[in-house]
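Kindly generate the complete structure, drawing on both the sequences and the hints.
Here is how the chains run, residue by residue.
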Amino acid sequence: DAGVTQSPTHLIKTRGQQVTLRCSPKSGHDTVSWYQQALGQGPQFIFQYYEEEERQRGNFPDRFSGHQFPNYSSELNVNALLLGDSALYLCASSFDLRETQYFGPGTRLLVL
Amino acid sequence: GENVEQHPSTLSVQEGDSAVIKCTYSDSASNYFPWYKQELGKRPQLIIDIRSNVGEKKDQRIAVTLNKTAKHFSLHITETQPEDSAVYFCAASKTNFGNEKLTFGTGTRLTIIP
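Same order as they appear, the protein sequences are chains C and L.
First residue of the first sequence? That's 37 in the numbering used here, and the numbers climb one at a time after it.
First residue of the second sequence? That's 1125 in the numbering used here, and the numbers climb one at a time after it.
All clues stand as given, with none of them false.
BS3-like mimics (lysine-lysine), calculated; alpha carbons at most 25 Å apart, straight line:
hint: 1; chain 1: L; residue 1: K1192; chain 2: L; residue 2: K1181
hint: 2; chain 1: L; residue 1: K1166; chain 2: C; residue 2: K62
hint: 3; chain 1: L; residue 1: K1218; chain 2: C; residue 2: K62
hint: 4; chain 1: L; residue 1: K1166; chain 2: C; residue 2: K49
No wet-lab data here; the hints were simulated from the structure.
And the structure:
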């Protein structure tokens, strides 16, 4: 039973660039949520996708956008990168909007 | 919006002793409270969760208690072992119309002293 997978594992970008992170949900799951975890802090909710639509969104600027594909995988895009975007980006999946969320290993983004 | 506070931020416990981590939440509509364990460089791992219709839940050495009136919930780890060393996060969400976002606490770094 495949768990949540994310790619890439690490990424280094410079300010102003754009980045795309990818997530494949756990087998059988159809809901994907994205979180940003700064060093030493708890994860912060970015947005959630269900049935290929953004269902809810946290307090993140429009530079953060996403997409969900028919196979339930998802992408997180961040435009015009800032130094403060450096963080671990976590994807979590669940089934049919149910509460139990399982996290992927994350993508560590460093913006220089 | 929901706000979750977690205490203590660091906790050192002698191996074999018990550890308790406490969280409070602000939104009385929250009804789902999971706990995650995150080892260094790894993903948050769900270790136990509780729903608001239950006051206590236990899974081997781990237990969670919930006080809806006071809006706080706690994680209890008994007979601690070195592999319990990690950062623990509490979280809260509302699930009345499908799962709302998880709001996390700031984490507790638990160190088990051999």
